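A.B. asks: What follows is each chain in one-letter form.
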Amino acid sequence: MSALPADDVGGPAQPLLTVRGLLRHFPLKRNLPWQPRAVVRAVDGVDFVVRKGETLGVVGESGCGKSTTARLLMHLIAPDAGEIVFDGRVVGGNDLPLREFRRQVQMVFQDSYASLNPRLTVEDSIAFGPQVHGLAHRAAVERARDLLARVGLEPRRFAERYPHELSGGQRQRVNIARALAVQPRLLILDEAVSALDKSVEAQVLNLLLDLKEQFDLTYVFISHDLHVVRTLSDRVLVMYLGRVAELGATEALFTAPLHPYTGALLASMPTLDPDRRTTEAPLAGDPPNPIDPPPGCRFHTRCPLAEPVCAQRVPAIDLAAPHAVACLMHEPGSRHSRAGTSSEKRTEE
Amino acid sequence: MSAVAAPAFERSPGYWSTVLRRLLRDKVAVAAGIVVLLLVLMAIFGPYLTPADPYASSMLKRLQPIGAEGYPLGSDELGRDLLSRLILGARLSLFMGITPVLFAFVLGTALGVLAGYAGGAVNATIMRTIDVFYAFPSVLLAIALSGALGAGIGNALLSLTIVFIPPIARVAESVTAQVRGRDYVEAARASGAGAFTIVRVHVLGNVLGPVFVYATSLIAVSMILASGLSFLGLGVKPPEPEWGLMLNTLRTAIYTQPWIAALPGAMIFITSISFNMLADGLRSAMEVKQ
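Line order of the protein sequences matches chains C and V. Take 849 as the starting number for the first sequence in my numbering and just add one per residue. Take -14 as the starting number for the second sequence in my numbering and just add one per residue.
The hints are simulated quantities; they were obtained by calculation from the structure and are not laboratory data. Treat the hints with care, since some could be wrong.
As the list claims (entries may be wrong) - What the simulated footprint calls covered on chain C by chain V, stretch by stretch (three residues with Cβ under 8 Å from a Cβ of chain V suffice, anywhere in the stretch; the number is not a length):
id: 1; stretch: 962 to 968
id: 2; stretch: 973 to 986
id: 3; stretch: 1007 to 1021
Keep in mind that this is a model prediction, so the values were computed, not measured. Yeah, the Cβ is synthetic: ideal placement off N, Cα and C, and Gly gets one too.
Just need the whole structure built from these sequences, with the hints factored in.
C.D. replies: Here is the structure:
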């Protein structure tokens, strides 16, 4: 078990995961066959990079496409368009078949109960993955028990239990062990701690930090809890209506957000500081319907700084920048009145 | 690797032992189970249990009343001992009740799981074809098929199997579709497992139980349909003892010896209601809150 996956191809400088133009629209049922088919633009052209060894936090409101993005990354849903490159190799191509990619990337789901087969014992659930990848049953069970110990569950007490006999936190530890059993390099945590009690959540987060160190992992941490994301992440990706709004280093993004949406999200964070108590909701209303998203910048309908140009022009995002943002205010020559000043600020960075 | 030493692992009762424990607490289900067990024993050891030759007829001793000398349950229209015929009849009747359901369980589950897991066009093709069979009432379909295939036990079994595949496939399909959407199936796909492995390890274990319970409840229907086919002369042929057929031949005696005429019907009733109650108990025992 000490042997870490020695699959590193491009060295530490090469991004572990590169996502380009990821797109998935879900067609809705038509009422009448000759009507045009409406589509939900769940993920509408998403680009980002996950660096080796980092924790990339992904935040956004419900329905912004966070979970769909996670499922697209795992190819649990087929993307309509876009490319995923894992350590320099295109996923699904000759160099990296889907099956091998799925050994190197694993996922932990939000619902700890639904993600364990109720008919299998804990150790059988964990041992399933390695057996799929050719490990003998006995060796797979050994590995499962070893991993149980590493996630803080005494194998002798828990290996032959069924999921319903465990608490939510214990089950999520099992799910983490299950994900680690195939020795992945990237772990996608889709709201993995959101359903847990606060105290248990803290324990599981500490466990995740330990495991990251031990197994040299990279995390994509999807959450709606901004406090947790801030503690855990190196960089943060903000999504809005199926698109990337902002991507930057955690501290920079939390202290000086560039996108008005990020600003509004941060302002909505509950605080214990009585001087900073939020009195008004910083964001009015629900996000627009992803079936018929607004033209131009998708946020302009709720943006306090929106100008007519925002409804006409789609803001570009330059992911090469250390702090990338999709907002016309930060795009020189965009005809937004604040564009000039902001672009200067950006060059300072 | 950490050494896994000999001391025993804490084992917890598996799902099925929990179900069994709950079933044993259900008095009605236990009683029904005992009756079913007795009937099965009666079918297995029939030839050793019959007090008289079930085929020996006597024109002088026709339609003896219940309790007549030498005829504890009377005699039928040809003077054959009814008790012996009822005992031996359990064989064919149970056989005709259970076998078609068993075949249909295997085939219907296979079809249903395939349709439910594959989804899309495969699902539409299989399920719409099955809906065609659903359009006919099951009795009518069984009679029509048997009539078309010709009389005889084999053809009766075949037609009953065809009758029971659609409902079983439908249940299997809906349960499979539910299980398929669970996160643990997603997780299994995410670990790179193929469809066959996922079905074998994660789907079947969660689908077979409910489908099995449903199939058990069909045994009663199957017995009644099989008896109906024999009654119409499409199933078992005389002089073989079979409850449905006996009901048919004794119906002419309904005015002279109503109790005797009712006996085979009572056997069918007892058997089918026992299977139904057993299935009911099994169903509620399997609804373990997990």
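A.B. asks: All hints are to be evaluated individually against the structure, with a verdict given for each.
C.D. replies: Consistency of the hints with the structure:
1. With 7 residues having a Cβ less than 8 Å from any Cβ of chain V, the stretch 962 to 968 of chain C passes the three-residue criterion, so the hint holds.
2. Only when three residues or more bring their CB closer than 8 Å to a CB of chain V does the claim for the stretch 973 to 986 of chain C stand; here the count is 5, and the claim holds.
3. With a cut-off of 8 Å between beta carbons, the stretch 1007 to 1021 of chain C has 7 residues touching chain V; three or more are needed, and the interface restraint holds.
No hint from the list above goes unmet by this structure.
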